[in-house]
Amino acid sequence: GQQVMQIPQYQHVQEGEDFTTYCNSSTTLSNIQWYKQRPGGHPVFLIQLVKSGEVKKQKRLTFQFGEAKKNSSLHITATQTTDVGTYFCADDEETSGSRLTFGEGTQLTVNP
Amino acid sequence: DAGVTQSPTHLIKTRGQQVTLRCSPKSGHDTVSWYQQALGQGPQFIFQYYEEEERQRGNFPDRFSGHQFPNYSSELNVNALLLGDSALYLCASSFTFLGVETQYFGPGTRLLVL
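Quick mapping for you: the protein sequence lines, in order, are chains G and S.
Taking the numbering used here, the leading residue of the first sequence gets 1, the next gets one more, and so forth.
Taking the numbering used here, the leading residue of the second sequence gets 113, the next gets one more, and so forth.
Some hints could be false.
With the C-beta cut set under 8 Å, the calculated list includes, among others, these residues of chain G facing chain S [what the hints assert, rightly or not]:
1) H42
2) P43
3) F45
4) Q48
5) G66
6) G85
7) S98
8) L100
9) T101
10) F102
11) G103
12) E104
Residues of chain G clear of chain S, computed beta-carbon distances all greater than 12 Å [stated by the list, open to error]:
13) N71
14) T81
15) T109
Looking from chain G toward chain S, a few residues come up when the C-beta cut is under 7 Å (computed) [what the hints assert, rightly or not]:
16) G53
17) R99
18) G105
Think of the hints as simulated: they come from the structure by calculation, not from any bench.
Beta carbons are placed, not taken as given, at the ideal position from N, Cα and C, and that holds for glycine.
In isolation and in its complexed conformation, chain S is listed as follows (with noise of 0.2 Å):
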């Protein structure tokens, strides 16, 4: 049974530029949640996609968009990138059993911005 993984792994771009980071979430998850970690700090969340809809949203400016497709796997979008866009991209994937959602984090996508 495949985890979640994410493309591409490492990232390398300049400012203003755009970025599309794409999640696909382990068998069975109907949730993807997308997280910005920067160099050692915790991740902070950025948005929550479930049945195709934003169902939630962090304290991330609109440059940041994403997309659930029907397979739920997702995408993160960032436009017009800046130098503290530079971080560790995790995608967590979920579902929801009795009442409990575990998140379970895929290996991340590395973005430098220069």
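Bound-form chain G, shown alone (with noise of 0.2 Å):
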């Protein structure tokens, strides 16, 4: 079945750096959803692509579909400690209805 990699596992920065994650499949992605899960949260929406090369932004956060459809990324400007969190990219399949195959996700932590 379809898979999705997720780049990096963990990512430290200090508040006000930038932060970047990346996702990748080794065949065309469906819509790409992007997720935040806060430690002992859970998944909560983001945003979802759609088209090739899409680019949304919403405030600090810039989400990328690649060309080819095979990647997508999120990139956080000038972190916040509100920001900590896993970020997920998730394919939908959207077979016979939505169905999604998640990365492993993205660790964000802040240092003040």
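Join the two chains, each given in its own frame, into one complex according to the hints.
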């Protein structure tokens, strides 16, 4: 089945530094969704990317979908302590209904 | 508007026992999916219910079964529990609007099998 790889597994930054997590697949991704999971919490939907080359922004967060739809990235500018958590990408295979295949996630810690 | 709710929040069982987890979807949502999230890993798709039937299933053994009720709420049953079943079980509800389906996750049930 579909496999989604995510790097890095961990990222430690100083507050104010930028952060990027990458999502890759050997096969074409359907639609990419990004989620944030705070420690002890549950995944919270951030955004969905559908089109090849698509770029979307949410305040300090920038999401990109690769031209070949085999990779995606999430970039956070000037991290804050509230950005702490694990960021997951997920491929939405959308067969007969949404079915998410998650990457392993990138755990972000921000030192104040 | 209540979001997705799950019960119980925590549960401790022993090997060989059976467990039932419950999920109430977000208002207006008709589809419920279940995911298993082991510690330090991404959630893995178990199955999805729509119109009271299992519509899709992931790579999980038959020990994992489910049900959806007419009010769209759902149950996940796991029989003959193994130590490896210890995980956070997440329920996600969704509906499709203009061809886009967004899943909303509940807080999860943390299951520990001893």
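Hint check:
1. Satisfaction of the interface hint for G:H42 is found here, the shortest Cβ-Cβ separation to chain S being roughly 5 Å, below the 8 Å cut-off.
2. At its closest, the beta carbon of G:P43 sits 5 Å from a beta carbon of chain S; the interface hint therefore holds under the 8 Å criterion.
3. For G:F45, the shortest C-beta to C-beta distance to chain S is roughly 6 Å, which falls under 8 Å, so the interface hint holds.
4. Proximity of G:Q48 to chain S holds as hinted, the smallest CB-CB distance being about 7 Å (cut-off 8 Å).
5. A distance limit of 8 Å between C-beta atoms decides the matter here; for G:G66 the minimum to chain S is near 20 Å, and the interface restraint is violated.
6. The interface hint given for G:G85 is violated, since its Cβ lies 13 Å from the closest Cβ of chain S, which is over the 8 Å cut-off.
7. Interface restraint check for G:S98: the shortest CB-CB distance to chain S comes to about 4 Å, inside 8 Å, so the restraint holds.
8. Satisfaction of the interface hint for G:L100 is found here, the shortest Cβ-Cβ separation to chain S being roughly 6 Å, below the 8 Å cut-off.
9. Satisfaction of the interface hint for G:T101 is found here, the shortest Cβ-Cβ separation to chain S being roughly 7 Å, below the 8 Å cut-off.
10. Evaluation of the G:F102 hint against chain S yields a held restraint, the C-beta minimum of about 3 Å falling below 8 Å.
11. Because the beta carbon of G:G103 sits about 6 Å from the nearest beta carbon in chain S, less than 8 Å, this interface hint is met.
12. Proximity of G:E104 to chain S holds as hinted, the smallest CB-CB distance being about 5 Å (cut-off 8 Å).
13. With a least CB separation of 17 Å from chain S, G:N71 remains clear of the 12 Å interface cut-off, as annotated.
14. With a cut of 12 Å on Cβ distances, G:T81 stays outside the contact zone with chain S, its closest approach being about 22 Å.
15. At roughly 14 Å from the closest C-beta of chain S, the C-beta of G:T109 stays outside 12 Å, upholding its exclusion from the interface.
16. A hinted interface residue such as G:G53 counts as satisfied when its beta carbon comes closer than 7 Å to some beta carbon of chain S; here the least separation is about 19 Å, so the hint is violated.
17. Because the smallest distance between the Cβ of G:R99 and any Cβ of chain S comes to about 5 Å, under 7 Å, the interface hint for this residue holds.
18. For G:G105, the interface hint holds, since its Cβ comes within 7 Å of a Cβ in chain S; the closest pair sits about 5 Å apart.
Violated hints, listed in ascending order, are 5, 6, 16; each of the other numbered hints is respected by the structure.
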